[in-house]
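J.: In case you want the letters, here they are:
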Amino acid sequence: MSEMHNDQPEAATLRLRGITKSYPGVVALDSVDFAVRANEIVGLVGENGAGKSTLMKVLIGLVQPDQGTIALRGERIVVKDPATAIKYGIGMVFQDGTLIPNLSIIDNLFLCHEQVFQRFGILSRRSMRSEAARVLAQVKVRDDLDTEVSEVTPAVRQMVEIARLLWLSELYRQSNPILILDEPTTVLNDAERDTLFDILDDIKQHASVVLISHRLQEIVEHSDRIVILKDGRNVTEMQASSADLAEIEQLMVGHTLSANRYHENEQTSPREEKVLRVTNLSKHGHFDAINFEVRKGEIVSLVGLVGSGKEELCRCITGLDKADTGNIHFDGLKLPAGAPSTAVAVGIGHVPIDRRNEGLALGMGVDENINLLVLKRLRVAGFISVRRERDNARRWIDECKIKTPSMTTMCGTLSGGNQQKIVISKWLSSQVKMLVLDHPTRGVDVGAKDEIFRLIRQLAREGIGMIIMCDTLEEDIGLSNRMLIMKDGRLVTEVDCSPDKKPSPRDVIGAIV
Amino acid sequence: MAETREDEATSTQRTAAVGRQRKQIPALYFTIALLVVVGFAFYLGNRNFLSLYNINTITSFAAVLLMVSLGQMCTILIGGIDLSVGGLISFVSVVFVVTIGRFGQWTYPLCILLGGFFGYLNGNLLTRIKIPSFIGTLGMGGILVSLAYLVSARPVNVPSATYKNLNLVNGELFGVGNVLWIGLIVLALFYVLLRFTASGRNVFYVGSNIKMSWMSGIDITKTRNFAFVLSGVGAAIAGVMVSSVRFGGDPSVGEPYILNSIAAVVVGGTALTGGTGGVLNTLFGALLLSALANGMNVVGIDIYFQQTILGLMIIISVVLTFDRSKTPIIK
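Each protein sequence line maps, in turn, to chains A and B.
Position 22 of the first sequence, counted from 1, bears residue number 22 in the working numbering, the numbering being contiguous throughout.
Remember, the working numbering sits 1000 above the position in the second sequence when you count from 1.
Keep in mind that the hints were calculated from the coordinates and are not lab data.
Don't be surprised by glycine CBs; every beta carbon is placed ideally from N, CA and C.
Treat the hints with caution; some may be incorrect.
Result set (DSS-like, lysine-lysine): computed pairs, CA atoms no more than 27 Å apart in a straight line [to be verified]: (1) A/Lys322 <-> B/Lys1130; (2) B/Lys1211 <-> A/Lys283; (3) A/Lys487 <-> A/Lys322; (4) B/Lys1164 <-> A/Lys376; (5) A/Lys274 <-> A/Lys501; (6) B/Lys1222 <-> B/Lys1130; (7) B/Lys1222 <-> A/Lys322; (8) A/Lys487 <-> A/Lys501; (9) A/Lys376 <-> A/Lys283; (10) A/Lys449 <-> B/Lys1211; (11) A/Lys57 <-> A/Lys80; (12) A/Lys140 <-> A/Lys230; (13) A/Lys334 <-> A/Lys296; (14) A/Lys501 <-> A/Lys449; (15) A/Lys274 <-> A/Lys87; (16) B/Lys1164 <-> A/Lys433; (17) A/Lys334 <-> B/Lys1222; (18) A/Lys80 <-> A/Lys322; (19) A/Lys433 <-> A/Lys274; (20) A/Lys449 <-> A/Lys296; (21) A/Lys403 <-> B/Lys1211; (22) A/Lys274 <-> A/Lys140; (23) A/Lys230 <-> A/Lys57; (24) A/Lys433 <-> A/Lys403; (25) A/Lys502 <-> A/Lys322; (26) B/Lys1211 <-> A/Lys334; (27) A/Lys401 <-> A/Lys376; (28) A/Lys502 <-> A/Lys433; (29) A/Lys502 <-> A/Lys274; (30) B/Lys1211 <-> A/Lys322; (31) A/Lys376 <-> B/Lys1222; (32) A/Lys403 <-> A/Lys449; (33) A/Lys322 <-> A/Lys274.
Here are some of the chain B residues that sit facing chain A, going by a computed Cβ distance under 7 Å [as the list claims (entries may be wrong)]: (34) Tyr1120; (35) Ala1198; (36) Tyr1205; (37) Ser1208; (38) Lys1211; (39) Met1215; (40) Ser1216.
If we strip away everything but chain B, and leave its shape as in the complex, we get:
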């Protein structure tokens, strides 16, 4: 029958097309390759770039960025964005310093709860009041910055009498700073959550096709709220870490993390359209950005020129990692 033969013909064509798309190398490998190239280039510029001391500096910086970025990634995976992380980090940073004298170790869980709470509010702005997260979190970010200044209009230091309360972050274990340990533990938690629990998996389904998810009985309200709670928690952890490392809170400390966290997520290969990406992508995205920021200082690139290079690198890595053929419409 002519008809079946033609069907076969088209199906072979199709398999060929599939084969071509399958050849696509995962975005993660590009990010890792870029990290290696950038690292080697900086090493050539200054041998100290790969010294143990400097690697420790880079990874400590990356650990803080990673906390925000992992949360940010969850909101991007569901197809949203969280622009309130900057405000939240600032707010948590001053609240942490102001309250650590009174509550001691209890300040840690308190701050993280606070982050989760504001994340939950963000989620509800999207899911119940139906405001796009771009606008909802922008507003929430403004509120949080304002709250941060109300708590303390100027940078505030941790009284030296209570420095020991900061040991959870500033201490070290087996010769490695606790900042790194916290980073690794939170990374593992996010990995397990997104990879091995139904709630985490639902984040991907909702981001990939929200209508299908709803029709398949996934609670899309809960799932999206969950993503924003994770973002709030991530930002709060970052806020606590920043304050501990600096022995002080600052109502403007969070601002750069808004763009940096989005950049880390996207550079890692998580698509802004939602649904694809993952924890390891974001890990390498955060490492790459941190290595760049540090390396440019180490090799002595003009401070005013650094932003240009950073911007270029973000564009280059997105060009490499993001499969533009699949998204004809760039949002």
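Pulled out of the complex, with its shape left as it was, chain A reads as follows:
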């Protein structure tokens, strides 16, 4: 952290100091410092869950920090919501965009601020158009102003958002606006990406840009300074000119980990029998001709960037989506496609990434959530037995070490880690043969992470096959027996991860990007 302060702090336009934000069971940001100087592009990097998005949300007032201060040109400011942020010239372009799709470019551009074009109570369309043309010229948008936003490319949409933020800062007389771009290049093709960075270089003459991207190459090439976060803390920062890609990766992943973090010494070799066999599975636009197998007790990790098709592949295995061609054989039987109920019936469990919306009934008790899948088994003479219900819930609360004030406590009031253990125990009590674990440790604190890793090892010992997608490459390597690497919808390679032959993240990253 000491590196933060050794170059002239007075040069910073915006300075965040000691920002701390915690959610139930997780510290998202732990006393983070962050500065933006005039006329620079700052690259902000870190793994998923490192706190990048939360920090930016603090900056634009979407999240209020528990502690810490924000100062703009030396003056302390309180950013209570995004509307306040833009008055200070701070705005963010989100990954999925915030424009209103059924309004035209010009309407979106001036939305909610049309009154400046008002003369005698009537909006002057003519001055709006000339102003729009001027503003959009800065970002090289030449589309018809009246086109609906839903009809233009994502690149144009992004540019319109950038133009809007620039115009608003002008409106509020902010001389050096700060633009935050969250993963701006994921939706762009190569040509569009080059245009974006050209424009950012232009904009830099009178603004600052915070760039968040998982494509480190871009960050190194196009930013002036790089700030690295890990686990909600500052790791370090460096000048981009002197930065080395491998070094950044190393810093992002960190090397403070204990040797046996993923319980590698408990890793067992898979059994002979196959539980899942995927043959020639394709879904147009997502993945193509995928073949692989999962054996009993085997942990197979699916690795790939967003858009590699791994998420969609899992959705087809769990029955949430239907593949176009190919077969899924489970336990020797061909699985009829396209219904989660059939997947559940044969014994495929799914721990979804969005626990709160897809994994739990938050308003219901711990016991009710655990017993969801086994109600039929808890019956005595046709009716659910209260005693059996209680016994089953108690058994799994103990087995998975779920910390809850009582059995009937509402799930919504528990921490992320305990919620995740409830989701897992729900599947375990139904005696699944295979589990698809979609980012099982997302939003889970360190201690609970360890218990989830332990649980995963135990499941493997019991012969449950698992497909796992993790938050970090390191976790994938640490947990799995075998890694399948996907890129652009195809399985590109397979990496052995037996305990004595674990590759390092740097060995595999080449195959992923």
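Got chain A; can you put chain B on it based on the hints?
T.: Just chain B now, with coordinates in the frame of chain A:
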């Protein structure tokens, strides 16, 4: 390690927060307390309010309202609503009177089947044609009212020769009217169904989180249809009871039950957002509304002022029973 210590710190904060939420008294107790307070107030106004005769009047009224409300509760538990109960009660009421002469005792199961059938249609409007139940049942309600008038445009009386066919509802057992016995039996059936069968439990899961339910393999189409069938059956039972008690059918008799049934469910503490609530909540909700409606007559409150008090009481009881902190967005 500093990190673990901080984690502990946040987890203690969290437990404290949990503790605060746990202190929340179940909605049901508020409803019961309100019922006691209201009952006592009316008793002070007129000692006859708690006479055996008047209690019998209140509970008989409540029994009919309870039948509609229990069904209504099922649709509200899955996060929907059934606005067709009024039309269905009217329709069943006239069909019952018109057919009882010909089919005799068979009219009872026939009417209940009819209710279930229209409930099933309502369910399918939601689950297969994907119309929100607010709109789907509104339309179905209109159709049913129209059908009721087509069967009989004017109130129609049960011929006195067939009065004995009404004994199932109008008779009494151990000195207690059959209306009450039917009410208790149906109440018990709903309780068992929702508490001790998987289909009933699924109603709560679907209402609490429909996406999770689907992903966990619950048949969400069947479950939601089931809730609407129960609502149809509840309304049909109410229709049969109303006609029997009045010795006649009326194509406009059901209308007030639409709002009253929703009010009884909500006053009892079942959230309109679905997933939480239950049979006992609705029982006390229906008792409270019935006691209010009767008590205001007994103590002689101006008939035109009664709706104001009823409205106020509904708002007050929802404020007391509904945990608004959990639903930042009121739908």
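J.: Determine for every hint whether it applies to the structure shown.
T.: To see whether the hints hold, each was checked on the structure:
Restraint check for A/Lys322 and B/Lys1130: satisfied, since their Cα atoms lie roughly 21 Å apart, inside the 27 Å limit. Using a Cα cut-off of 27 Å, the hinted pair B/Lys1211 and A/Lys283 holds, with the two alpha carbons roughly 23 Å apart. For the given pair, A/Lys487 sits about 20 Å from A/Lys322 by alpha-carbon distance, which is consistent with the 27 Å threshold. With a C-alpha separation of about 44 Å, the suggested pair B/Lys1164 and A/Lys376 falls outside the 27 Å cut-off, and the hint is violated.
Restraint check for A/Lys274 and A/Lys501: satisfied, since their Cα atoms lie roughly 23 Å apart, inside the 27 Å limit. For a cut-off of 27 Å, the pair hint linking B/Lys1222 to B/Lys1130 stands: about 14 Å separates their Cα positions. Between B/Lys1222 and A/Lys322, the direct Cα distance comes to roughly 21 Å. Compliance with the 27 Å bound is thereby established for this hinted pair. Between A/Lys487 and A/Lys501 the CA atoms are separated by roughly 23 Å; this keeps the pair inside 27 Å, and the hint holds.
Straight-line distance between C-alpha atoms of A/Lys376 and A/Lys283 comes to about 35 Å, which puts the hinted pair past the 27 Å bound. As the CA atoms of A/Lys449 and B/Lys1211 are separated by approximately 25 Å, the hinted pair is consistent with the 27 Å bound. At roughly 11 Å between alpha-carbon atoms, A/Lys57 and A/Lys80 fall within 27 Å of each other, so this suggested pair holds. Restraint check: the Cα-Cα separation between A/Lys140 and A/Lys230 comes to about 36 Å, which exceeds 27 Å; the hinted pair is violated.
For the suggested pair A/Lys334 and A/Lys296, the alpha carbons sit about 17 Å apart, so the restraint of at most 27 Å is met. Taking the CA atoms of A/Lys501 and A/Lys449, the gap is about 23 Å. The hint holds against a cut of 27 Å. Between the alpha carbons of A/Lys274 and A/Lys87 the distance comes to roughly 60 Å, so the proposed pair goes past 27 Å and is violated. With a C-alpha separation of about 61 Å, the suggested pairing of B/Lys1164 with A/Lys433 is violated against the 27 Å cut-off.
Restraint check for A/Lys334 and B/Lys1222: satisfied, since their Cα atoms lie roughly 25 Å apart, inside the 27 Å limit. A hinted pair counts as satisfied when its Cα atoms are at most 27 Å apart, and A/Lys80 with A/Lys322 does not qualify at roughly 44 Å. With a C-alpha separation of about 11 Å, the suggested pair A/Lys433 and A/Lys274 falls inside the 27 Å cut-off, and the hint holds. A hinted pair counts as satisfied when its Cα atoms are at most 27 Å apart, and A/Lys449 with A/Lys296 qualifies at roughly 23 Å.
For the suggested pair A/Lys403 and B/Lys1211, the alpha carbons sit about 25 Å apart, so the restraint of at most 27 Å is met. For a cut-off of 27 Å, the pair hint linking A/Lys274 to A/Lys140 is broken: about 56 Å separates their Cα positions. Proposed proximity of A/Lys230 and A/Lys57 is supported: the alpha carbons are some 17 Å apart, at most 27 Å. A distance of roughly 26 Å separates the Cα atoms of A/Lys433 and A/Lys403; the hinted pair therefore holds under the 27 Å criterion.
This hinted pair does not check out: A/Lys502 and A/Lys322 have alpha carbons roughly 34 Å apart, beyond 27 Å. With a CA separation close to 25 Å, the supplied pair B/Lys1211 and A/Lys334 stays within the 27 Å bound. Restraint check for A/Lys401 and A/Lys376: satisfied, since their Cα atoms lie roughly 25 Å apart, inside the 27 Å limit. For the hint pairing A/Lys502 with A/Lys433, the CA-to-CA distance comes to about 26 Å; that is within 27 Å, so the pair holds.
Distance check on the hinted pair: A/Lys502 and A/Lys274 sit about 23 Å apart at the alpha-carbon level, within 27 Å; holds. For the hint linking B/Lys1211 to A/Lys322, the alpha-carbon distance of about 17 Å falls within 27 Å, and the restraint holds. Distance restraint check for A/Lys376 and B/Lys1222: the Cα-Cα separation of roughly 16 Å lies within the 27 Å cut-off, and the hinted pair is therefore satisfied. As the CA atoms of A/Lys403 and A/Lys449 are separated by approximately 14 Å, the hinted pair is consistent with the 27 Å bound.
Pair hint A/Lys322 plus A/Lys274 holds up; C-alpha atoms about 22 Å apart against a cutoff of 27 Å. A least Cβ separation of about 21 Å between B/Tyr1120 and chain A goes past the 7 Å threshold, and the interface hint is therefore violated. Because the beta carbon of B/Ala1198 sits about 4 Å from the nearest beta carbon in chain A, less than 7 Å, this interface hint is met. A least Cβ separation of about 6 Å between B/Tyr1205 and chain A falls short of the 7 Å threshold, and the interface hint therefore holds.
Checking B/Ser1208 against chain A by beta carbon gives a least distance of about 4 Å; that is within 7 Å, so the hint holds. Residue-level restraint check for B/Lys1211 holds (minimum Cβ-Cβ distance to chain A is 6 Å; threshold 7 Å). Given the 7 Å rule on beta carbons, the hint for B/Met1215 holds: about 5 Å separates it from the nearest Cβ of chain A. This hint holds: B/Ser1216 has a C-beta 6 Å from the nearest C-beta of chain A, less than the 7 Å allowed.
Violation of the numbered hints given earlier is confined to hints 4, 9, 12, 15, 16, 18, 22, 25, 34; the remaining hints are satisfied by the structure.
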